[in-house]
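> Assemble the complex: chain A is given as a structure, and chain B must be docked to it using the hints.
Taken in order, these protein sequences are the chains called A and B.
Note that the numbering used here gives residue 406 to position 406 of the first sequence, counting from 1, and the numbers run on in steps of one.
Note that the numbering used here gives residue 81 to position 81 of the second sequence, counting from 1, and the numbers run on in steps of one.
Quick caveat, the hints were computed from the structure, so don't treat them as lab data.
Cβ coordinates follow ideal geometry from the N, Cα and C atoms, glycine included.
Treat the hints with care, as some may be off.
[Unchecked claim] The following residues of chain B were derived to be distant from chain A, with all beta-carbon distances above 12 Å:
id, residue
1, Ala11
2, Met166
3, Asn212
4, Thr293
5, Asp571
[Said to hold, decoys possible] Using 25 Å as the maximum straight-line C-alpha spacing, the simulated BS3-like pairs for lysine-lysine come out as follows:
id, chain 1, residue 1, chain 2, residue 2
6, B, Lys113, A, Lys371
7, A, Lys387, B, Lys383
8, A, Lys371, B, Lys136
9, B, Lys136, B, Lys146
10, A, Lys40, B, Lys545
The chain contents come next:
2 protein chains.
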Amino acid sequence: MDKILRINMSADGGPKASTGSIGAYAGLGGRAMTSAIVAKEVPPLCHPLSAENKLIIAPGLLSGSLAAMSGRISVGCKSPLTGGIKEANSGGQAAQVLGRLGYAAIVLEGAPKSETIYKVFINKSGVKISADNSLKMLGNYDLIEKMKKEYGDKISCISIGPAGEMKLSAASVAFTDMELRPTRHAGRGGVGAVMGAKGVKVIVLDDTGMPNREPKNPEKFKEANKNFVQGLKKHPVTGEGLPAFGTNVLTNVINEAGGFPTNNFKMGRFAGASKISGETQASTESARGGIVTHGCHRGCVIRCSGVYNDKDGNFLTKQPEYETVWAHGANCGIDDLDAIAMMDRLDDDYGIDTIEMGATIAVAMDAGLAKFGDAKAAINLVKEVGKGTHLGRILGNGAAVTGKVFGVERVPVVKGQSMPAYDPRAVQGMGVTYATTTMGADHTAGYAVTANILGVGGKVDALKPEGQIELSRNLQIATAAIDSTGMCLFIAFAILDQPDTFQALLDLLGGFSGANLTGDDVVALGKSVLKNEREFNIQAGFTSKHDRLPDYFKNEPLPPHNVTFAVKDEDLDKVFNW
Amino acid sequence: MDKILRINMSADGGPKASTGSIGAYAGLGGRAMTSAIVAKEVPPLCHPLSAENKLIIAPGLLSGSLAAMSGRISVGCKSPLTGGIKEANSGGQAAQVLGRLGYAAIVLEGAPKSETIYKVFINKSGVKISADNSLKMLGNYDLIEKMKKEYGDKISCISIGPAGEMKLSAASVAFTDMELRPTRHAGRGGVGAVMGAKGVKVIVLDDTGMPNREPKNPEKFKEANKNFVQGLKKHPVTGEGLPAFGTNVLTNVINEAGGFPTNNFKMGRFAGASKISGETQASTESARGGIVTHGCHRGCVIRCSGVYNDKDGNFLTKQPEYETVWAHGANCGIDDLDAIAMMDRLDDDYGIDTIEMGATIAVAMDAGLAKFGDAKAAINLVKEVGKGTHLGRILGNGAAVTGKVFGVERVPVVKGQSMPAYDPRAVQGMGVTYATTTMGADHTAGYAVTANILGVGGKVDALKPEGQIELSRNLQIATAAIDSTGMCLFIAFAILDQPDTFQALLDLLGGFSGANLTGDDVVALGKSVLKNEREFNIQAGFTSKHDRLPDYFKNEPLPPHNVTFAVKDEDLDKVFNW
Numbered sequence: 001m002d003k004i005l006r007i008n009m010s011a012d013g014g015p016k017a018s019t020g021s022i023g024a025y026a027g028l029g030g031r032a033m034t035s036a037i038v039a040k041e042v043p044p045l046c047h048p049l050s051a052e053n054k055l056i057i058a059p060g061l062l063s064g065s066l067a068a069m070s071g072r073i074s075v076g077c078k079s080p081l082t083g084g085i086k087e088a089n090s091g092g093q094a095a096q097v098l099g100r101l102g103y104a105a106i107v108l109e110g111a112p113k114s115e116t117i118y119k120v121f122i123n124k125s126g127v128k129i130s131a132d133n134s135l136k137m138l139g140n141y142d143l144i145e146k147m148k149k150e151y152g153d154k155i156s157c158i159s160i161g162p163a164g165e166m167k168l169s170a171a172s173v174a175f176t177d178m179e180l181r182p183t184r185h186a187g188r189g190g191v192g193a194v195m196g197a198k199g200v201k202v203i204v205l206d207d208t209g210m211p212n213r214e215p216k217n218p219e220k221f222k223e224a225n226k227n228f229v230q231g232l233k234k235h236p237v238t239g240e241g242l243p244a245f246g247t248n249v250l251t252n253v254i255n256e257a258g259g260f261p262t263n264n265f266k267m268g269r270f271a272g273a274s275k276i277s278g279e280t281q282a283s284t285e286s287a288r289g290g291i292v293t294h295g296c297h298r299g300c301v302i303r304c305s306g307v308y309n310d311k312d313g314n315f316l317t318k319q320p321e322y323e324t325v326w327a328h329g330a331n332c333g334i335d336d337l338d339a340i341a342m343m344d345r346l347d348d349d350y351g352i353d354t355i356e357m358g359a360t361i362a363v364a365m366d367a368g369l370a371k372f373g374d375a376k377a378a379i380n381l382v383k384e385v386g387k388g389t390h391l392g393r394i395l396g397n398g399a400a401v402t403g404k405v406f407g408v409e410r411v412p413v414v415k416g417q418s419m420p421a422y423d424p425r426a427v428q429g430m431g432v433t434y435a436t437t438t439m440g441a442d443h444t445a446g447y448a449v450t451a452n453i454l455g456v457g458g459k460v461d462a463l464k465p466e467g468q469i470e471l472s473r474n475l476q477i478a479t480a481a482i483d484s485t486g487m488c489l490f491i492a493f494a495i496l497d498q499p500d501t502f503q504a505l506l507d508l509l510g511g512f513s514g515a516n517l518t519g520d521d522v523v524a525l526g527k528s529v530l531k532n533e534r535e536f537n538i539q540a541g542f543t544s545k546h547d548r549l550p551d552y553f554k555n556e557p558l559p560p561h562n563v564t565f566a567v568k569d570e571d572l573d574k575v576f577n578w
Numbered sequence: 001m002d003k004i005l006r007i008n009m010s011a012d013g014g015p016k017a018s019t020g021s022i023g024a025y026a027g028l029g030g031r032a033m034t035s036a037i038v039a040k041e042v043p044p045l046c047h048p049l050s051a052e053n054k055l056i057i058a059p060g061l062l063s064g065s066l067a068a069m070s071g072r073i074s075v076g077c078k079s080p081l082t083g084g085i086k087e088a089n090s091g092g093q094a095a096q097v098l099g100r101l102g103y104a105a106i107v108l109e110g111a112p113k114s115e116t117i118y119k120v121f122i123n124k125s126g127v128k129i130s131a132d133n134s135l136k137m138l139g140n141y142d143l144i145e146k147m148k149k150e151y152g153d154k155i156s157c158i159s160i161g162p163a164g165e166m167k168l169s170a171a172s173v174a175f176t177d178m179e180l181r182p183t184r185h186a187g188r189g190g191v192g193a194v195m196g197a198k199g200v201k202v203i204v205l206d207d208t209g210m211p212n213r214e215p216k217n218p219e220k221f222k223e224a225n226k227n228f229v230q231g232l233k234k235h236p237v238t239g240e241g242l243p244a245f246g247t248n249v250l251t252n253v254i255n256e257a258g259g260f261p262t263n264n265f266k267m268g269r270f271a272g273a274s275k276i277s278g279e280t281q282a283s284t285e286s287a288r289g290g291i292v293t294h295g296c297h298r299g300c301v302i303r304c305s306g307v308y309n310d311k312d313g314n315f316l317t318k319q320p321e322y323e324t325v326w327a328h329g330a331n332c333g334i335d336d337l338d339a340i341a342m343m344d345r346l347d348d349d350y351g352i353d354t355i356e357m358g359a360t361i362a363v364a365m366d367a368g369l370a371k372f373g374d375a376k377a378a379i380n381l382v383k384e385v386g387k388g389t390h391l392g393r394i395l396g397n398g399a400a401v402t403g404k405v406f407g408v409e410r411v412p413v414v415k416g417q418s419m420p421a422y423d424p425r426a427v428q429g430m431g432v433t434y435a436t437t438t439m440g441a442d443h444t445a446g447y448a449v450t451a452n453i454l455g456v457g458g459k460v461d462a463l464k465p466e467g468q469i470e471l472s473r474n475l476q477i478a479t480a481a482i483d484s485t486g487m488c489l490f491i492a493f494a495i496l497d498q499p500d501t502f503q504a505l506l507d508l509l510g511g512f513s514g515a516n517l518t519g520d521d522v523v524a525l526g527k528s529v530l531k532n533e534r535e536f537n538i539q540a541g542f543t544s545k546h547d548r549l550p551d552y553f554k555n556e557p558l559p560p561h562n563v564t565f566a567v568k569d570e571d572l573d574k575v576f577n578w
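Excised from the complex, chain A in its bound form (with noise of 0.2 Å):
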């Protein structure tokens, strides 16, 4: 991981590919990387499709080590949806292989003179770049067979669907999972509508023959991977809710909470959420011979992933994440489970962000294009997406566009993005986070739901806007470090609650660079992550303003608690002194 692999598709006689030495950005990773290279590389004000953008791709720090839950992958770019900075996360096998293959990164530059689309090839032996037009609007799916047949089943692969060729602002880059199935995403942001400007249909690795990364104090590491292991397994989240119902545990929750935004954010609990709870799915899945507890990349100890079969046992997705699972499901009132796996499937195969989507789909719903419930409306709506109709393609670039196409007023968005699954009145601090992050409203950016529902890393009371400004903050700052490692995400409950996980993940870290790695440490790195973030977005025209929600949060009170989005705009402007 000591270099960078750059393809620039602007030059002459076709892309060219060259790899360089990780130079100034030698000890970032994952989101660090994305958004140093970013910051440095890409004009604030250029259009997001434009050929001076620039697409990144980084494993995290430990990707590619032996250290459990280091296989996720970030994707930066300047985003088509928001505007401003983005980086995207996903699971899958990429962050590990790449991590082998020795690459920090791979950067997607210029773009293409002609309509030709582009496959990469990644070995030990190099890298080959080869125009393919027979791939042109292939789904996920069936790309994913086409590169199976051409280079074996020993790869892993990065990759967009039609919408990302269609450059759709709501267009994901698709990582594929253990199974070789296109079902991890990176999807916020539009990022795969800046792979399509650039060309670049898919990218495809093959570790084969390059070793794991080494640590440099192996006993550390040893030590330390076992106690994270350990402390995982023990928490509750992670050991327990994660691994049982998959990150769908939730919906009876955050329902229970009256913070699931229903019928386009009208309502806080929805009525036939037990049908599409995370318990349902589980057994809906295990009756159907599909797998309730499985891991979306190798290393992962959690494995909240899944397996959801059709009702004749056949494979039809992966397991659907509480976010889709609302996104699809209560948010257009929606209360069968079976119709939200088809439209994750579509959404995999199209390579669309399935939250951007349930939201679309939603504020369409209000528009009158369909009836709240009428599931499948939806399905075909998202079908529209696949087809590249006007309509579709109105949808694919997401609620904003949605909205401002059909003349409606009710639009849950920041900096252009749709806000998950989680309802900023009933969740405030989520709000503040929607608000605040430099990413549009996104609730991975500084997940609040810890201490305002489930009591983890401490308690805030969900309803009220006092404490919301530091939880966020501090889970803001958190979240851009261990986005920078490559660790999933959910290891936060773990360390957040157990000071000895946390030492554990500073002995890994440690254990592997060979740096004596503090707390301050990974305080100071997320810092630095957000200060990049927040420099791109004021040059790219970001101000406080922007930091906000729109106005019906302030004034339309949620049912069942009827609250109102509390937090003072002075106080959101709180959010990053430091």
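Same frame as chain A, now just chain B:
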């Protein structure tokens, strides 16, 4: 003109009109009035389609008097197109009629509680508001015919077409001309969408029985008016060019200068220019029994308007303006005047901005939806808007949304609003205005074509950055003042070149109000308007980063002069340093 009519669309039991004193807004007219009310009463972060936005319609300070050229009207709100403050300006009869009826402004507030649409009738007896769903989705032409049947032909109307009802961001507000046709439009920035969001389809005005507004100093006023008219008559632009060929006199001029944006701003000269020039247009109109020289409102002495008949000699539309001929013509590679006139008619009927529509169709052509030069396809694209299809809704939301939906990178907008008919590379002073005006790309905000191309008000080399900042600054200040008087902006040609005509304007204003006005007062008025507008935009989240042209104008040389926009960013930031 000492009262303000407010119509609260949110009132219990249906919309409620109340007439109040002008109060704190005394002494303001036109743009000074609309921008003051928006800045003071509209929350800068509100959704433009929300109940919190207001639509303000204000005649100028001299409207309703016998002052020549005083028939312009301003429509203001927070713009759905730009997200910033908006003043869109129109000719037609309404300014004079509203002035005589005594209203300094009509303010539409709140939002209706149902889908019902309303008509408002105002005469000397007062205001009557009625629900009338029979008007739904009528084009402006049919609507006005209906109003004539209902209220007779002494009326003048302010209305929206289907585009406004659909709340499309490029929707206009139509004003009837002297022949009671809906041909004059407050076109820019989506003001029609805000009127649509208020649920008001049409405001019918009847000033029967109301006298002209009387000047405080009749002798001074009369003398000044005489001198003013003489000054307009003797200037070559206002006395010869505009009356003879209308605004389209510019096609040959701007094309010759190499600043006539062709095929979506790819070239500065159009091979078919002579076929669509003002000269060709005038002879075509004459040959078909149309009208070449005609005023758009009573009291106009420049008379740059006209009537365009079809091949059979039947009225098709008013004489298309230069910017329309450019937008639907050269910018789409179309050299067919009849096709352009047909699109002008459709735009007026649907109630949509001709500039935004033409610019949008050119972007759609770059997206592959039609070929440059295909007039039939372009007409069909305009018709999509009228039909309200998904494609029509995309296009009706303007070039920025269309570019986003179809993944087009080259989109010539500033603050979300399309550039008009002057390429900022070949007319660099216009580039400064496009970049920095509060309005989004807008030629009327500071018409640097004067000194850049026409040699009016001095001479500044159009192809070089030197002197453009000061030129644009002074024009923006002067324009904001003129837009507040109710005077047609075209008086600027004469008052910039002829000190005695400028003095006549000051005497007209002074003779009317009884005050003694100086040039400094006009400058102070202009600055105060711009200050209000800038402050609103800052509170709405705009920064200097939004005062920029898209990058490609800086990188892509424009034939035939092969120049790029060369005004430096740091100089753009000095426009409002005065």
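> Which numbered conditions among the earlier hints are violated in the structure presented, ordered from lowest to highest?
Of the numbered hints, just 2 does not hold.
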